[in-house]
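Chains as they are written, first to last, in the working numbering: chain W, 1 to 170; chain Z, 1 to 548.
These are calculated hints, taken from the structure and not from any lab test.
A virtual CB, placed ideally from N, CA and C, is assigned to each residue, including glycine.
Don't take each hint at face value.
Claimed, not checked - Below, a list of computed lysine-lysine pairs in the BS3-like style, where the Cα atoms sit at most 30 Å apart:
#  : chain 1 : residue 1 : chain 2 : residue 2
1  : Z       : Lys-106   : Z       : Lys-42
2  : Z       : Lys-540   : W       : Lys-46
3  : Z       : Lys-542   : W       : Lys-72
4  : Z       : Lys-536   : Z       : Lys-506
5  : Z       : Lys-542   : W       : Lys-139
6  : Z       : Lys-506   : W       : Lys-117
7  : W       : Lys-113   : W       : Lys-139
8  : W       : Lys-151   : W       : Lys-129
9  : W       : Lys-125   : W       : Lys-139
10 : W       : Lys-125   : W       : Lys-27
11 : Z       : Lys-7     : Z       : Lys-42
12 : W       : Lys-46    : W       : Lys-27
13 : Z       : Lys-106   : Z       : Lys-90
14 : W       : Lys-151   : W       : Lys-113
15 : W       : Lys-54    : Z       : Lys-540
16 : Z       : Lys-542   : W       : Lys-117
17 : Z       : Lys-542   : W       : Lys-46
18 : Z       : Lys-309   : Z       : Lys-299
19 : Z       : Lys-540   : W       : Lys-72
20 : Z       : Lys-163   : Z       : Lys-42
21 : W       : Lys-54    : Z       : Lys-542
22 : Z       : Lys-536   : W       : Lys-139
23 : W       : Lys-54    : Z       : Lys-536
24 : Z       : Lys-506   : W       : Lys-54
25 : Z       : Lys-540   : W       : Lys-139
26 : Z       : Lys-506   : W       : Lys-27
27 : Z       : Lys-506   : W       : Lys-151
28 : W       : Lys-72    : W       : Lys-27
29 : Z       : Lys-506   : W       : Lys-46
30 : W       : Lys-72    : Z       : Lys-523
31 : Z       : Lys-540   : W       : Lys-151
32 : Z       : Lys-525   : W       : Lys-72
33 : Z       : Lys-309   : W       : Lys-139
34 : Z       : Lys-534   : Z       : Lys-523
35 : W       : Lys-27    : Z       : Lys-540
Said to hold, decoys possible - FRET-style restraints, in silico, Cβ to Cβ:
#  : chain 1 : residue 1 : chain 2 : residue 2 : range
36 : Z       : Leu-484   : W       : Thr-43    : 23 to 33 Å
37 : W       : Lys-129   : Z       : Glu-509   : 22 to 32 Å
38 : Z       : His-499   : W       : Thr-138   : 36 to 46 Å
39 : Z       : Leu-484   : W       : Lys-46    : 26 to 36 Å
40 : W       : Lys-129   : Z       : Lys-506   : 19 to 29 Å
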Amino acid sequence: MRLLINIIILLGLTACSTTIPNVSYYKLPETEARLDSNRLEVTSIKLPDYIDHKDVVLELDDGTLHRANFHKWAENLDDGIVRLLEGSKSEGVSTLIELMIVQFHGLESGRIKLSGKWRKMSGDKTLWKSFDMELSVTKSGYVNMIEAQAKLIEELRSDIVSSNETDLKS
Amino acid sequence: MSNPQAKIRKSRRISSIWILPMIIFIVGGYVIYHSIQNQGPKITIEFSNAEGLVAGKSKIKARSVDVGLVEDIRLSADHKTVLVSARLDKEIEPLLTEDAVLWVVKPRIGASGITGMGTLLSGAYIELSPGLEAPGRRTFKGLDGVPNTPLETPGVRLVIQSKNAKSLSVGDPATYRGFCVGRIEAADFSPEQGVFEYEIFVEAPYHKLITTSSRFWNASGISVQADANGLSINTASMETMLSGGVAFDLPEQSQPGDTIENGQVFELYPNAKSVQDDPFEHYISYILLFDTSVRGLKKGAPVEYRGIKIGSVTDISFEYLPKGSSINIDKIPVPVQIRIDPARLEWRDSAEACINLAGELSDRVDIGMRASLETGSLLTGNLYISLDFYEGTEPAEIGTLGEHMTFPTISTGLAHIAQKVVDVLDTVQELPLKETFESTGGALDKASETLESINQVAIKLEELIAKDGTQKLPESIQKTLMDLQAVLSGFSKDSEFQHNLENAVKQIESTMLSLEELTDTIKSKPNSLIFPGKRKDDPKPKASANSK
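Chain Z on its own, in the form it takes in the complex (with noise of 0.2 Å):
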């Protein structure tokens, strides 16, 4: 018997058993799509440190909205840096643009303060601020501090220099007239310059107060100055006298300037005193030859015209003097330095001005006009410079010293108080003396009505005093203080008063006694506030054995 052969047929259809697995590829595979599609940007920052991040925990937020997560944290190739690598949301991308900053916010101390404080429970995490440029950057270089003032916020930086870095530093606040209107953002040197610069930030709308006529001076401290106008102490606001800071303001006759824009460069001078001294930017300068002292007078002293300040003194040496030149060596003059400001005298700070206030001062020297030496404080004895025009002088004009211009002088001191002495007789001989003695008589009869007069008011001044209510007056001060007496005594040793304090401060011992034994016996009996227990009778005193 043969078995019956089954017929194999070969099926063209696909074995419905594959049917399900290919349902979860199609799915599967859409959901990676899906996933793909919109995974967010992927960024890495490069930080010195990676001090309180956590891969898989850390947090990337903007203005403080989670837009990412930290994914991994490794070291650079040169183990020098560490890199964060961090997954951010999708719509964040228009974020990450070529001037965004990142840095770690965790809690710090510095000059401006305590920040991050809230990042001690809930752990450090990086913080993004967006940048104004084209977005697309996907590397960055994060910051170690916090930024003080975020990219976007309106306002300019501008660069001052100082050729000190005295008491100066990050976060100290920029003020205008004793307000805070920014911070000092970083602070640099130059080797190429030889300058400390320093980047401050003014917030809008303040920074239209800045042009470039403004002036920045260090405000730092309490500044205390002796000079030809007295003592000057100089401080500005309490925060900037204890941490320091900048401050500007246009200078005293100064017009406002051009608009500026960011990165403009100012000179930080080193303190008010010094703006207000040497504020403009052109100046004649010329030569004083003194045949007197100088002493007394500093660099910085005023140059005045009839009190009025139009420059400075800005040196004293005798450096001017041409080297072997034939001065007399008995009569070698001490050279002294100034300017003189043309926008001082309402001109316009220009070196077009300075050539034509020189052709100016040039035609006044001819008509009598000259240098001197004069004090100014005689609590200080210090000097400074009058140009004014003096009559019956030797002609003189501007002359020249080396590279330098000479203004002429004259001398102040004993032969010209001599002369004034001369000229005070002069007119005391053309006074009508004989006139002025008439006429005092008549002013001796007029002071005899007014002695009269005050003899009338000292007779009417007594009858004042006479009076009862007068005389009543001393009575009623005596009785207030018996009465501040009696009040005073209420509280003297003996008083009632006192008597009654002591007993109270004596009762609350007592008392505090008391308490003291019942905590001493709870202590040794916990439960003897609810079972007292029976007080044992007191021991009973005996009669002495001597006396039986």
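The shape of chain W in the complex, shown without the other chains (with noise of 0.2 Å):
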């Protein structure tokens, strides 16, 4: 009787437990060795809500957001950001730009969306440009895409340093 009673707790106890599967964190990746010598200092970075928190956000085929229950940031995104586009401090004149990012996430049909706007400032000049960008993962998996998010990023920043300083507008 009391082996009947200990099998049948134990089965009990085996039947609540589960497998919980492992969660994998990640962080922005600095893509290649950065040959320009221009610095740039993000004084304000903005982001949406939606991706303002340590899960992985992918937008799925039917349109919705999904947060990943086993893919997380390790690092707040903003921070990871700012350290892609201002790099390895380097010596020279920064130029100052504030951020403000509208959309920035992975889309399970294997693209990445950037969207948002930023300002640049130099001396007691200002300018202000919106951007909309979108980059194509060739593999599959939540590594590819984070990937390919550090690249679009790397791609921002270009786009931001080789901004026409004549467009500058005091």
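Need the complex rebuilt from these two chains, each delivered in its own frame; the hints are there to steer you.
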């Protein structure tokens, strides 16, 4: 009888147990060594609420946004973006920018969306510019998607750096 | 056969069956007698309405002790008032004096605060305040409001009269030098005298402060006045400033008078200044005739003798000039009426003192006393009247103008100034100038010595500045400023403190968002805390179709 009770308890306990998959953590990788000597300094960055957290966001084919349960950012996303934009601190005069991101996430169909607005300030001149960028992901999986997101940030940086100084308005 | 007949015999004894009713009757009678014998007095109170009172429920209280019960409430015969019948305890009978007061206690919000809050739960009741007169009264007229002070409270009730009802109302405080010593208990208008009458109760022992010499004034608000003495601002206590009230005190230079009794009547002065201006009952009145402009002279302006106030200006008007008089139209003098208070000259405040002072002043006029207009304040340009002695004046005397006495005046205008200038020049002419110049040479020598001393001080000052300690002083100030800058930079936008603060705020935001998600989850699935269920695997992002 005692044996029977022990077996029932054991079965009950095993019935409650579940297998929890491992959670993967990511940070935006620096894609390649930067050659330009231009230096950016992000004075302000604003993320939309839907990505301003630790869950990686994926837009599904039906248009709904999915916050991943098992794929998380290892750092604050805005810190990661600032890190990529500013790069390593080098000597020289830096250009101050303010960044307001409207959307920045991957799509289940294999693309990355990045849009928003930046403001570049140099001396007493300033330039506002909107951006709306997309990038295709060549391989499936979250790792490749994160790499593509980092690449898109690098493209944004290039755009900001290469923006014509004459566009700046006083 | 004949049946036997029962013999019926009338019994003379009372049947034993009546014993029990008789006992009941006797006991009942005794109970009724005892009840009537011990029944307290029944009183009738007339109120304007019976709001809050309930027959058989509302109580009569004296000093918050239950002493009776309302038995009946009905309208009066003319339907204009309410008659409340109440039965009181027998031992309360001595409290039903002729001057006893009854009123309904219920929540009230008034100038004196919120009262009767306790009746919100217990219901309204009638409060009985016994008086001091003989007992025996059975019908009363109830008060509409709460009497501020129980009648037996020691103190004094007096009446102040005013020609206007300026900002005074029942419940306002009566203050003595800013300290509240009583309240206005009633306000009424006397059509016969055309004055407002306020009944004031001043508590013991402060009622001893009031004598026949006391003066009452309206202490409401702030009084700003510009007069010959410049600008003055008068305020009473904060309470009276906000809620109004009366203040009383003895006027300056006044001695306490006789003690007062209940009902003493006082005049209400408009403000404290008016009390000090004209506090005395007896005075002598004169008309002054000025040939110059009296612009800047106002009613209430002081009349001074060598800087000491002895009276005040009471009126400025041409009406004192006799009508149809033969005064040259080019030289119409301006009549100014003044009063001089004997009490301000340490005389008694009496009619006899006035007569004596008038005689004294008449003698002084003979030896050169005159009235003149003087500037009291260059700031406001106000004038006052000065009585003083002037040498070389033309002979004059106290005259009459109609029914008024006139006091001779003297001009202190340009002519007076010219005389002064001549006097000054005469004085200069008499100065020993030669001796003065000689002594001036000596003074210059002294000045040279002084300059030499100053030079030496300057040298010593230079030495002091050259010292290391003095030189290092700016350096230490600079160091202190740098330290201060370092401290402030710790709180700047780029500082670590600021960074940590931003991170902390971010963490709090993140936690709040997680809590919000948790709340949403619990709402949709209340048992999710115990049975979390299996979370689905995340959908996997695919490679773009274009890249294949």
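Now for the hints, and whether the structure bears them out:
Restraint check for Z/Lys-106 and Z/Lys-42: the C-alpha separation of about 23 Å stays at or below 30 Å, so the hint holds. With a C-alpha separation of about 28 Å, the suggested pair Z/Lys-540 and W/Lys-46 falls inside the 30 Å cut-off, and the hint holds. Taking the CA atoms of Z/Lys-542 and W/Lys-72, the gap is about 18 Å. The hint holds against a cut of 30 Å. Taken as a hint, the Z/Lys-536 and Z/Lys-506 pair is honoured in the structure, with Cα atoms around 28 Å apart against an allowance of 30 Å.
Of the pairs offered as hints, the one joining Z/Lys-542 and W/Lys-139 holds, with about 7 Å between alpha carbons and a cut-off of 30 Å not exceeded. Proposed proximity of Z/Lys-506 and W/Lys-117 is supported: the alpha carbons are some 22 Å apart, at most 30 Å. For the hint pairing W/Lys-113 with W/Lys-139, the CA-to-CA distance comes to about 16 Å; that is within 30 Å, so the pair holds. Taken as a hint, the W/Lys-151 and W/Lys-129 pair is honoured in the structure, with Cα atoms around 20 Å apart against an allowance of 30 Å.
For the suggested pair W/Lys-125 and W/Lys-139, the alpha carbons sit about 42 Å apart, so the restraint of at most 30 Å is broken. Straight-line distance between C-alpha atoms of W/Lys-125 and W/Lys-27 comes to about 34 Å, which puts the hinted pair past the 30 Å bound. For the given pair, Z/Lys-7 sits about 60 Å from Z/Lys-42 by alpha-carbon distance, which is inconsistent with the 30 Å threshold. In summary, the hint linking W/Lys-46 to W/Lys-27 is supported, as the alpha carbons are separated by about 18 Å, within the 30 Å threshold.
Distance restraint check for Z/Lys-106 and Z/Lys-90: the Cα-Cα separation of roughly 26 Å lies within the 30 Å cut-off, and the hinted pair is therefore satisfied. At most 30 Å may separate the alpha-carbon atoms for a hinted pair to count; W/Lys-151 and W/Lys-113 meet this at roughly 12 Å. Distance check on the hinted pair: W/Lys-54 and Z/Lys-540 sit about 18 Å apart at the alpha-carbon level, within 30 Å; holds. For the hint pairing Z/Lys-542 with W/Lys-117, the CA-to-CA distance comes to about 28 Å; that is within 30 Å, so the pair holds.
For a cut-off of 30 Å, the pair hint linking Z/Lys-542 to W/Lys-46 stands: about 28 Å separates their Cα positions. The suggested pairing of Z/Lys-309 with Z/Lys-299 holds, with an alpha-carbon distance near 15 Å, which does not exceed 30 Å. The straight-line distance between the Cα atoms of Z/Lys-540 and W/Lys-72 is roughly 14 Å, inside the 30 Å bound, and the hint therefore holds. Between the alpha carbons of Z/Lys-163 and Z/Lys-42 the distance comes to roughly 45 Å, so the proposed pair goes past 30 Å and is violated.
Taken as a hint, the W/Lys-54 and Z/Lys-542 pair is honoured in the structure, with Cα atoms around 21 Å apart against an allowance of 30 Å. With a CA separation close to 23 Å, the supplied pair Z/Lys-536 and W/Lys-139 stays within the 30 Å bound. Proposed proximity of W/Lys-54 and Z/Lys-536 is supported: the alpha carbons are some 18 Å apart, at most 30 Å. Of the supplied pair hints, the one linking Z/Lys-506 and W/Lys-54 holds, its CA atoms being roughly 12 Å apart against a limit of 30 Å.
Taking the CA atoms of Z/Lys-540 and W/Lys-139, the gap is about 11 Å. The hint holds against a cut of 30 Å. For the hint linking Z/Lys-506 to W/Lys-27, the alpha-carbon distance of about 18 Å falls within 30 Å, and the restraint holds. At roughly 26 Å between alpha-carbon atoms, Z/Lys-506 and W/Lys-151 fall within 30 Å of each other, so this suggested pair holds. Only pairs whose Cα atoms come within 30 Å are accepted, and W/Lys-72 paired with W/Lys-27 is accepted, the gap being roughly 9 Å.
The hinted pair formed by Z/Lys-506 and W/Lys-46 meets the criterion: a straight-line CA distance of about 12 Å does not exceed 30 Å. Note on W/Lys-72 and Z/Lys-523: the hinted pairing holds, with a Cα-Cα distance of about 25 Å set against a maximum of 30 Å. For the suggested pair Z/Lys-540 and W/Lys-151, the alpha carbons sit about 20 Å apart, so the restraint of at most 30 Å is met. Between Z/Lys-525 and W/Lys-72 the alpha-carbon distance is near 24 Å, which keeps this suggested pair within the 30 Å criterion.
Straight-line distance between C-alpha atoms of Z/Lys-309 and W/Lys-139 comes to about 108 Å, which puts the hinted pair past the 30 Å bound. Our distance criterion of 30 Å between C-alpha atoms is met by Z/Lys-534 and Z/Lys-523, whose separation comes to about 18 Å. Pair hint W/Lys-27 plus Z/Lys-540 holds up; C-alpha atoms about 18 Å apart against a cutoff of 30 Å. Checked against the given bound of 23 to 33 Å, the beta carbons of Z/Leu-484 and W/Thr-43, roughly 26 Å apart, stay inside it.
Separated by about 28 Å at the C-beta atoms, W/Lys-129 and Z/Glu-509 satisfy the suggested range of 22 to 32 Å. Checked against the hint of 36 to 46 Å, the C-beta distance between Z/His-499 and W/Thr-138 comes to roughly 37 Å, which is consistent with it. In this structure the hint that Z/Leu-484 and W/Lys-46 lie 26 to 36 Å apart at CB holds, the actual value being about 34 Å. A hinted range of 19 to 29 Å for the beta carbons of W/Lys-129 and Z/Lys-506 is consistent with their spacing of about 27 Å.
Checked against the numbered hints given earlier, this structure breaks hints 9, 10, 11, 20 and 33; the rest are met.
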